[in-house]
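Residue 185 in the numbering used here sits at position 33 of the sequence shown, and the numbers go up by one each step.
If you're looking for bench data, these hints aren't it; they were derived computationally from the structure.
If you're wondering where the values come from, they're calculated on a predicted model, not measured in any experiment.
Some hints could be false.
[Said to hold, decoys possible] Simulated restraints, written as ranges between beta carbons of each label pair:
| hint | residue 1 | residue 2 | range |
| --- | --- | --- | --- |
| 1 | Pro224 | Gly276 | 31 to 39 Å |
| 2 | Thr501 | Asp238 | 14 to 22 Å |
| 3 | Gly223 | Ala479 | 48 to 56 Å |
| 4 | Val210 | Ser432 | 50 to 58 Å |
| 5 | Asp238 | Leu465 | 26 to 34 Å |
| 6 | Asp424 | Pro393 | 29 to 37 Å |
[Stated by the list, open to error] Straight-line alpha carbon distances no greater than 16 Å define the calculated EDC-like cross-link-like pairs of lysine to aspartate or glutamate that follow:
| hint | residue 1 | residue 2 |
| --- | --- | --- |
| 7 | Lys280 | Glu259 |
| 8 | Lys444 | Glu478 |
| 9 | Lys444 | Glu471 |
| 10 | Lys399 | Glu430 |
| 11 | Lys444 | Glu481 |
| 12 | Lys399 | Glu281 |
| 13 | Lys444 | Asp467 |
| 14 | Lys497 | Asp238 |
| 15 | Lys497 | Asp424 |
| 16 | Lys280 | Asp400 |
| 17 | Lys497 | Glu481 |
| 18 | Lys399 | Asp208 |
| 19 | Lys280 | Glu268 |
| 20 | Lys444 | Glu469 |
| 21 | Lys399 | Glu259 |
| 22 | Lys280 | Glu430 |
Where is the CB? At the ideal position from N, CA and C, for every residue including glycine.
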Amino acid sequence: SASDASNAAAASDAAVAADADYANHAAGNNNSSSLLQGSGGLPAGVAVHLLAVGADGVPVVTPQLIAKVLGPPRYDGNNDLRGRGDMPGVVAGLSWTAVGGDLMYIEAAVMPGRGELQLTGQLGDVIKESALIAMSWVQSNAQQLGLRAPGDPPSANGGGGGIPGRDTEGGGGKESSLPGMYAAAVALNAAAGAAGAAGAAGAFVAAGGADAAVVPVHYAGGGAGGGYGLLRGRSVHIHLPQGAIPKDGPSAGVTMCTALVSLFSGRPVRSDTAMTGEVSLRGLVLPVGGLKEKLIAAHQNGITRVLVPHRNLSDVEHEVPAATREALEIIPCVTMADVLQNAFKGGYTLAAPAARARM
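Could you build the full structure based on these sequences and the hints that come with them?
Structure follows, in structure tokens:
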């Protein structure tokens, strides 16, 4: 009946909410399979109310009933970052765990510094390498992206990094118009003058105590066709929250690339969009595993658009449940240009690379 269908829908919505609020998949807890496990059973009187509620004697599970049975939510879920407004440098990624997929936000911040890239969040070697690849790709394509270091002139060939309604110079946005920490970084960089100018060298620093990897990287602005050093006079910190949970794997590559482009351009990424995929130094989006679990996690967390590697389309078609495919807009991407075009509201177009002189 219509009443039964309504009750079933309400119970399904309540179960999804309970799964997010009381079960932490990434931590490996098994209470998602039995939400009442460890709760000491039903409180007195709850069972009676449960049996008495619903048409034709069918129990109706509601969020209010779940809260009464299980008590206050144990986990805040992943909606805290998405619910606090759009912020440059924050991008939703997707991860695979032994107990299912999970939504994993990646945060990036820029500050005055000596050209260091710091990584935190209990990261493994493979994901650290993904961060280095992401930084190198953004650096080497800064002109096409319309990004520039403080004090550099606007890129001659434009780029898509401008902030709609604010950027009138074609690429990268006006650093002085960026809010908060971005404006502070620019002011301090300007005061530093030429201390970090051409010829300087920075380092990528992967957090990890005595075992931290330090890789010298030349980031100074070059001559014609040499690009601009985005780390000149400033440093970048990339963090993956839930630091008590070890993280590794290559599938965060496109997310880190997008977070860095968002950070340097000052443009926030769409809050309804998540992504997964390995990235190469050429900007190719490479296939990854766990697509079924990742897309189900995106759906459960309220994401409506997911960017995936084009070479994973067969996995999407054959492994992902039909209900999940219908609920999500799944966008296949071949290169980082495809990712950026779909990650930003209004798109993000890379300019054609400058012509290189022949030897």
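Violations among the numbered hints: Violated hints (numbers, rising): 3, 6 and 18; every other hint is consistent with the structure.
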